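Each residue of the sequence shown is one higher than the last, beginning at 1 in the numbering used here.
Hints in this document: simulated from the structure, not taken from any laboratory. Please read these numbers as outputs of a predicted model, since none were measured by experiment. All C-beta atoms, glycine included, are put in the ideal place defined by N, C-alpha and C. Treat the hints loosely; a few may be bogus.
Estimated spans, in silico, between C-beta atoms of each pair [unchecked claim]:
no.	residue 1	residue 2	range
1	R29	L66	54 to 62 Å
2	A17	E43	35 to 43 Å
3	T64	G25	40 to 48 Å
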Amino acid sequence: MTPRETWTDERLDEFKASVNQRFDGVDKRFDQVDRQFAEVKAEIRELRQMLIQGFFVLVGINATTLLALIGSKVF
Numbered sequence: 001m002t003p004r005e006t007w008t009d010e011r012l013d014e015f016k017a018s019v020n021q022r023f024d025g026v027d028k029r030f031d032q033v034d035r036q037f038a039e040v041k042a043e044i045r046e047l048r049q050m051l052i053q054g055f056f057v058l059v060g061i062n063a064t065t066l067l068a069l070i071g072s073k074v075f
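Given only the sequences and the hints, what does the whole structure look like? Please build it.
Right, here's the structure in full:
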């Protein structure tokens with residue numbers, strides 16, 4: 001098989017269709033990646049909320065302990 005020396009309009013149209021089809025596949029894969037990033041973002045948001053809640057729980061425990069020590073005059 002010898003390579004074509006010239007490109008006809010019909011051949012260019014076939015090439016364009018092939019390229020468009022391949023890029024459509026790439027777009028679908030990027031859509032999947034975008035969905036996965038959205039899931040990761042949601043999980044990070046949940047983790048951040050848990051860390052903030054845990055921080056306030058620890059502050060509350062420390063404040064309660066401090067008040068208990070002050071009240072018992074051990075401090």
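Cross-check of the supplied hints:
no., hint, in the structure
1, R29 x L66: 54 to 62 Å, "holds (55 Å)"
2, A17 x E43: 35 to 43 Å, "holds (40 Å)"
3, T64 x G25: 40 to 48 Å, "violated (59 Å)"
Checked against the numbered hints above, the structure violates only hint 3.
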